[in-house]
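Undergrad: Residue numbers (the numbering used here), protein chains in the order written: chain L, 107 to 275; chain F, 14 to 167.
It should be emphasised that the hints constitute simulated quantities derived from the structure, not laboratory data. Careful, some of the hints might be misleading.
Lysine-lysine pairs mimicking DSBU-like chemistry, simulated, CA-CA at most 30 Å apart [said to hold, decoys possible]:
#1 Lys34/F <-> Lys147/L
#2 Lys238/L <-> Lys40/F
#3 Lys34/F <-> Lys159/L
Now the in silico label distances, taken between C-beta atoms and shown as ranges [stated by the list, open to error]:
#4 Lys34/F <-> Glu221/L: 54 to 62 Å
#5 Lys110/L <-> Trp86/F: 26 to 34 Å
#6 Leu87/F <-> Glu248/L: 24 to 32 Å
#7 Leu87/F <-> Asn150/L: 36 to 44 Å
Even glycine gets a Cβ: it sits at the ideal position worked out from N, Cα and C.
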Amino acid sequence: MTQKEFLNIVTPFKDKVFRLAKRLLVSTEEAEDATQEVLIKLWNNKKKIGEYKNIEAFSMTMTKNFCFDKLKSKQSQNLKIVHSNYQDHNVALQKQVELNDSIDWVDRIMKDLPEQQKLVIQLRDIEQYDFKEISKMLDMNETAIRVTLSRARKTIREKLTKTHNYGVR
Amino acid sequence: MVLDNIENLLEKYENGETSLKEEQQLKDYFSQETVAPHLEMYKPIFCYFLENQQEQFTKHLPLKTKKVFNYKWLSVAAVTVLMVSIFNSYGKDVISQKDREDYGKAKAALELVSKHFNKGVSKVNYLGTLDKAGEQVAYLDEMNNPMGRIFKNN
Numbered sequence: 107m108t109q110k111e112f113l114n115i116v117t118p119f120k121d122k123v124f125r126l127a128k129r130l131l132v133s134t135e136e137a138e139d140a141t142q143e144v145l146i147k148l149w150n151n152k153k154k155i156g157e158y159k160n161i162e163a164f165s166m167t168m169t170k171n172f173c174f175d176k177l178k179s180k181q182s183q184n185l186k187i188v189h190s191n192y193q194d195h196n197v198a199l200q201k202q203v204e205l206n207d208s209i210d211w212v213d214r215i216m217k218d219l220p221e222q223q224k225l226v227i228q229l230r231d232i233e234q235y236d237f238k239e240i241s242k243m244l245d246m247n248e249t250a251i252r253v254t255l256s257r258a259r260k261t262i263r264e265k266l267t268k269t270h271n272y273g274v275r
Numbered sequence: 014m015v016l017d018n019i020e021n022l023l024e025k026y027e028n029g030e031t032s033l034k035e036e037q038q039l040k041d042y043f044s045q046e047t048v049a050p051h052l053e054m055y056k057p058i059f060c061y062f063l064e065n066q067q068e069q070f071t072k073h074l075p076l077k078t079k080k081v082f083n084y085k086w087l088s089v090a091a092v093t094v095l096m097v098s099i100f101n102s103y104g105k106d107v108i109s110q111k112d113r114e115d116y117g118k119a120k121a122a123l124e125l126v127s128k129h130f131n132k133g134v135s136k137v138n139y140l141g142t143l144d145k146a147g148e149q150v151a152y153l154d155e156m157n158n159p160m161g162r163i164f165k166n167n
C-alpha cells in the first residue's frame, strides 16, 4: 500500500479521530499527538488493514483506548493536562457575544461530564454515527448507549438552564 | 405546527430516542437566527455541536516507509564478497615467469651444493674401515677378564 492509498482511506475520518481525542484529552496538542499516534499505528499495520471490516470504527475504538491509557497514565503521574486552547470559538456561526458565552458554557459543561457520556455525545451529536456503529466502537449495547446519551443530554440542558436562570455567566 | 414538532423532538432527543434525521432537524432549527424564547437555552447546545463538527486535524503526518532489513540480502552480499576475494587471491597465486626463473636458478644452485657435498662425504668414507679395525681390536677386552681374575688375590 502506498502513502497515497493510505491517506485516501484515512482522510475521511482523521478529523473525527482528532475531535474524539480532543474531547477526551481536552488539549489540542495532546489530541494532535494522539491522532498522529493512532494514524501511524494504522500505517505500520497497513498490511492488516484489509482484514478489518470497518476501519473507521476500528480507528475510533483505538483512539478511545489510546486516550484512556493516556488519561490513566496522567492520573497515576499526578499530572494535570495543561491546555492553552481556551479561545478557539471564533467561528462565524455565533455572532452575538451572548451566544458565544453560552457556547463556552456548553464547552465547560461537556468537560465536566463523565468520560463515557463525553464519548457518546461526541460520537452521536457531533459525529452523527448511528447507534449500531457506536455500539461497535464502544463495545456497548444500544440500550446502554441510549441511556448514557439521554443522561448526558439532560445534564447539559439542566446545567445550562441553571446558568441561564441565575444569570451567572 | 413547527414549534410543536420541535418540542416533541426535543423531548425525544433528551430520552435518546431521536433518529439522526430528526436530530438534524433540531440542529437546523436551532441554527436559525431566532428561536422560540422558551427554547432559547437549547440554541447554544446545538450551535456547539455544529461548531465542533468543523474542527480539523491539520498536523502533518510523518509516514515513514518502514525499511525491513532483509537478511537474505546479507547472505547474498557475503557470498559475493567471498567470491570476489577468492578470485582476487587466485589471480595472485599464479606464478609469474620471473618467479619460475628464480625458482629454477635456486634449484640449480642447491643441486650444485648438494653434489659437491656428496663428493666430500664419499671422500671421508674410508673412515668406515677405521671403524672395522676398531671392532677387530675389541677382542682385547676379553683379555681383561682373565687378567682381572689373576690379579684378584693381590
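Undergrad: In ascending order, which of the hints set out earlier in this document are inconsistent with the structure?
TA: Per hint list: 1, 4, 6 and 7 violated.
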